[in-house]
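Participant: Could you slot chains L and F onto chain H? The hints should help.
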Amino acid sequence: MKNIEQWNNPYNEDKVIAACGLFGIMDTSGRAFSGQDVVKGITNMHDRSNGLGGGFAAYGIYPDCSDHYAFHVMYLTPRAREETEAFFTTSFRLASSQELPTRKTKNIVDPPLMVRYFIPPDGARNMDFVDDDCVTRTVMHINYCIEGAFVFSSGKNMGVFKGVGYPEDIANFFRLDEYCGYMWVAHGRFPTNTPGWWGGAHPFNILDWTVVHNGEISSYGINRRFLEMYGYRCTMQTDTEVVAYAVDLLVRKHHLPIEVAARVMAPPFWEEMQRQSDKERALNMALRQTYGSLLMNGPFTVIVAHQGEMMGLGDRIRLRPLTAATKDDLVFLSSEESAIRLVCPELDRVWTPMGGEPVIARLKEKREQEAMAAVRSTA
Amino acid sequence: MSQCSFKVHAYDEHDDRVCSASENCVGCHRCATFCPTGAISIRHNPLEYRNNEYWKAEAIEDIIKQAETGGMLLTGMGNDKPYPIYWDHLVLNASQVTNPSIDPLREPMELRTFLGAKPDMLQVDPQAVELKTLLAPQVPIEVPVLFSALSYGAVSLNVHESLARAASETGTLFNTGEGGLHRKLYKYGPNTIVQVASGRFGVHPEYLDVGRVIEIKIGQGAKPGIGGHLPGEKVSADVAATRMIPKGTDALSPAPHHDIYSIEDLAQLIYALKEATNYTKPVSVKIAAVHNSAAIASGIARAGADIIALDGLRGSTGAAPKVIRDNVGIPIELALASVDTRLRQEGIRNRVSLVAAGGIRSSSDVVKAIALGADAVYIATAALVALGCRVCQQCHTGKCAWGICTTDPILSKRVNPDIGTRRLVNLLRAWSLEIKDMLGGMGINALESLRGNRLHLRGVGLTDTELAVLGVRMAGD
Amino acid sequence: MVPRSAHQDPNADQVVQLDAAGLHYRQLNELVRATVAGGMRKIKLLNVHGQRYIGTGLDLAVDIEVFGTPGNDLGAFMRGSRILVHGNVQDGCGNTMDDGYITVEGRAGDILGLAARGGKIFVRDNVGYRTGIHMKEYQEKCPIVVIGGTAQDFLGEYMAGGIIVLLGLNLDSGEFHQCRFVGTGMHGGAVYIRGQMRETQLGKEVGVQELSPEDKELLRGLIMEFSGHFGYNGDEILSGTFIKLIPRHLRPYGRLYAY
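Chains as they are written, first to last, in the working numbering: chain H, 1 to 379; chain L, 1 to 477; chain F, 1 to 259.
With the rest of the complex left out, here is chain H (with noise of 0.2 angstroms):
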C-alpha cells in the first residue's frame, strides 16, 4: 500500500499548513459562464499565495453527460495509469476517457498526465447501478493502492482542476477559458512548505463535495480523531482535509441542513445559547454537545461546495476575511472585496458576514425543489 502521507506531508508535521485567497462565484439562475471571471479575481490576489498551489471547481461543465460520474486522474508514472485503468475495467464500463487538455504554461512545471473518464450512471459491472459509496470506495482504493495515481475529482457535472503554480497559470494550463460552468471556486495557496505535489493543492474533493480553506485549524488532532471513528482516513493530513469530511458526514450521511452543519463547525458561544429560545439552546446545545469534536477552532475560512450549492463559513471570532457580494442573479464571495469589484464593478449589495455565520448560495431551481418537498413533507 502506497503513502500518500509521506506525499504530501513529506516531513511528518502535526499537520500540513497552508493560508491563501479564496474566491468563488455562482450564478444562482443556473446560466453558465466562463472560467475567465473567477481568474480574474483570484489573480488579484495573487500576494495572497505564493505559487505553490491553486485550483479550481467548476460545477455544471459537463452538461451532456451530467448524471455520469468525472473522475479526473493524475498519473505520475505510465504503469500508474495502466494499473489504474485495469482497476476501472473490472469494476465498470466506462462511457469514455480522454485526457484532459492542457496548454503549454511557461510557470508550469513538471505537470503529471492528467485523464479523465465518464462513468455512467448503469456502468457498475458487479451491481445495478453506481452509487455514491461505491465511487467512494473506489477513490480511497485508488489515492491508497495505486501507485501515482491520484483522483483529484470524483463528482458528477463538475470538475477540479488544480496542481502546483499559481492560480492563473494553473487555470492557463487546464485551458479554464474554455470551459463553462454556473458555479465557480478558486483558490491560491500560501503553504508553509513544498510538497510539490500536485494533489495538495486545493480544492480537496469527494464526490461533488469541495472545499477551499484559508486558515489554519488548531482543533485539527481532534476533529480528525472523530472524522476516524466514522470511518474516513485522512490521507492528505491537512486541516482543509477534515473540513470536507465534516461536511461529507454531517450533510451526506447524517442528513443536517447546511446551515445546521455551519453550526457546528463555527457553534454559538455557550453564553450566547443562554440568551436564544428554549428550542433553538436545545438544538444548539444538542449539536455542540454531540458534535463538540468537529467544532473547527482557529482562524479559518472555507467556501464549501456542491451541485447547486455553495457555502462561505468563517470562524467564530473571525480570524480570517470573507467578503460577500450580490449582482443580479450572481452571487460572489472572496477573501477581498477589490477581487470581486474587478470583474464586477457595480453590485446591488456587498457584506461581511458575521463570523461563525454562513452566507449560502443556491440555485434557484434548486431552492424552488426543497420548497416543493418541504410542502409535501408537511402536507
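Keep in mind that the hints were calculated from the coordinates and are not lab data.
Each hint should be verified, as a subset may be incorrect.
Cβ-to-Cβ under 10 angstroms is the rule here; a few derived chain H residues that face chain F [as the list claims (entries may be wrong)]:
no.: 1; residue: Phe269
no.: 2; residue: Pro321
no.: 3; residue: Leu342
Below, a list of computed lysine-lysine pairs in the DSBU-like style, where the Cα atoms sit at most 35 angstroms apart [unchecked claim]:
no.: 4; chain 1: H; residue 1: Lys104; chain 2: L; residue 2: Lys118
no.: 5; chain 1: L; residue 1: Lys81; chain 2: L; residue 2: Lys65
no.: 6; chain 1: F; residue 1: Lys204; chain 2: L; residue 2: Lys65
no.: 7; chain 1: L; residue 1: Lys247; chain 2: F; residue 2: Lys204
no.: 8; chain 1: L; residue 1: Lys413; chain 2: F; residue 2: Lys141
no.: 9; chain 1: H; residue 1: Lys40; chain 2: H; residue 2: Lys106
no.: 10; chain 1: L; residue 1: Lys184; chain 2: L; residue 2: Lys413
no.: 11; chain 1: F; residue 1: Lys44; chain 2: H; residue 2: Lys327
Computed from the model, here is a short list of chain L residues facing chain F with C-beta under 8 angstroms [as the list claims (entries may be wrong)]:
no.: 12; residue: Gly199
no.: 13; residue: Pro205
no.: 14; residue: His229
no.: 15; residue: Gly232
no.: 16; residue: Ile245
no.: 17; residue: Thr249
no.: 18; residue: Asp259
no.: 19; residue: Gln268
no.: 20; residue: Tyr271
no.: 21; residue: Ala276
no.: 22; residue: Thr277
For every residue, glycine included, the Cβ atom is placed at its ideal position computed from N, Cα and C.
Facilitator: Frame of chain H, contents of chains L and F only:
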C-alpha cells in the same frame, strides 16, 4: 544594608544592630558583592518539607500562593527546569595531522557575518565582468552575537544605553525590544534592531527609519503564544514618552498581532514595513520555537522575511506566567537544527539569515549553534549577567537590586552606562577570541565555513532520534 | 488637523492623475512616491483594484483621492497624508497610523485603525471586526474613528486611548447594533455610541456613562465634520441618544497575577 531592594536587612535602633529577614532573600548576591568586610554569605535555607519525590517544595508552595491570591504565578528570567541541555551533549571537532589547525593569533580569522536575504544566484555581465544582480539589504556584524530584545520599560535606560554603545563599539546590533527607542539613543541607530510587536509601542516612521533592521516580534521563547504586560508602575515619564503612551498606564501587548492571523497576513505586514522604509532594511521575524517551527520558518521565508530569529525554551523574560515559561516551547538546539534542515531541503536557506536565541551561555554554545545552522545568535541573559545580574529570577518584581530590570530611578543608577558598556564589550571580545580559537582548531578561518557544518559536531549521550533531529552523528561514529 | 506644509511648492495645487489598472502595489506606490518626490502634493488614483499600502511610506502631507477599491493596509504607518476613498476599503485601513486623515465613502473591513496613535478616520457605512483595536493616545496625539453605520464584534478591543464614535445611522428603528464584546480589554480612551445596544453586547471591562457637556461638545465637532463629508444633517444625528463607554479600570488585568 541599603543595597538590598528586597528588604532583607534592617537596622534596629533599639538594639543598635542590623537584623536580617532572611525569608525575603532572593539570592541576588548584591549585598555579598558589595559588603565592604566580606561578612555576608548566602546559603540555601534548609527548612525542608518531608521528603517526597513527587510533591516537591515548589509544587506545594505554588499551590499555597495561589490559594492565597487566586492569581497566575508570575516569574522572571528563563525556564529553570531540568530539561535536557543539548549544548552539553554536543562536542566539537579539531584538526589533527590530516589538516592543520590555524593559529588565530597570527593568521587571519574572519568572524564577519552579513544578515539579510541572499539571492539564489548571481548574474554577472560576461563582457564587463560586472555584477548585475541587485542584492537585498545586507547588514554586517563583526561578531556573530547580537543583543536580544530587552524593552525599555522592562529594563532601565542605562541598560539600553550600555547595550547600544557596546553594540556600536563591537560592530554588532542591539535590539530595542517592543518598547520603542529613547531619542537619546537614536545616534546608535546603525547598530539597532527596532522591534515591532503587537502593541506597536513607540512605532512611528522615524523609529522605523532610524533602525538598521526591523524585527516583527511574533513570539518569545519564555512565553510562546501569549502577550506581554508592562505594569503601570514601570511606565515612568520617560518610558511613557518612548512608548508614546500616558504615564502610569499598563502597556498591554496582545498575544497576536491583530493584523496577523495567518501566514499571508505576515507577508502583508512584512511588506507594509518594507514599503514604509522603501525596501532599505532587512525585516526580521522572531518566533518562539514550537512544535511546527520548521514549517512555520519555511512559511516565514516565503512570506518575504530576510531574517528569522528563533527563540527557544530557555529564553528569558522580564515577566511571564510561570506555567507558560516552564512548560511551553521546545529547546532551541532541536528547533534550530530542524529549521535549518528544512530550509535546506526546500532550497530556500539562502533566502534568510537564521538567528538562534534562548539560553546561549558561552562562546561554545555560539559555535555549536552556528555549526547547527545559525548565522548568528542573540544573547540577553548572558549580557545582563555581564551587567551584574545573578539570575535570581525576580525581574517581574521591578525591584532588581542590580538596577537592571527596573525603572526605579534610584535602583537604575546602579548600572553605570560607561562601566556597563565596557563590561559588555569585554564579554564580546572574550567570546570572539574563544570562537576564533575553536575555529582555528577546526582548521577554519572564516565563520561561514562553520555555518551549518554539522560534521564538526558529534553527539554524546543522545538517542538515535535526538541525533537524527540534530542531524549530528554519534561521537566515535 | 494634518499639517499642511506643502503650500509653498508651486506644484502643490496641481492634481496628478495616476491610472492604477493592472499595476502591482509596489509599482503603484513607487509611482506615487516618485510623483511626490517631483513636488506634487495632490494625486488622484484611478481604477484601484486591491493594491495594498496606499499612503504608506510618504513622509510629506499629500492629498490622495482613490477611485476603486484599495487593498489592505491603506495608510498603514502613515504620517500626515489625507486619503479620500470613493468606495469601500478592505482590512487594516489606518494600521498603526501616526497621523493623517482618511475618509471612506463606503464601508471598511476588519481592524480599522489598529494600533493607531493619531489621525482621523471617517467611514460612512459599516465596519468589520476589531475596529480601533489597541488604539492609543499620547500627548496631543489622539486617534479618532467615526463610523456612520454599525460595527461587527470586538469594537474598541484592547483600546488604550483615542476616540471611537459609532453612529448606527443605517439601523432601522428598534434595531440593535450587531457588535458583541464591545470594548473588551479596554483600558483607555472612549467609545461613543448612538443607537441601541444591550448590556450583554459589552465587554466586561467597560462601564456606561452619560455624556458630560465636554463630551457633547466633542461629539458635536466630530459629527459636524462627519456630516460635512457625507452630506448628513449633523443636528439630526446629534438629536439621537448617545452613551459613552469608558474603561472601568485603568488596570483591567491588575488581579491576574500572584507575585
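Participant: Please list, smallest to largest, the hint numbers that this structure does not respect.
Facilitator: none
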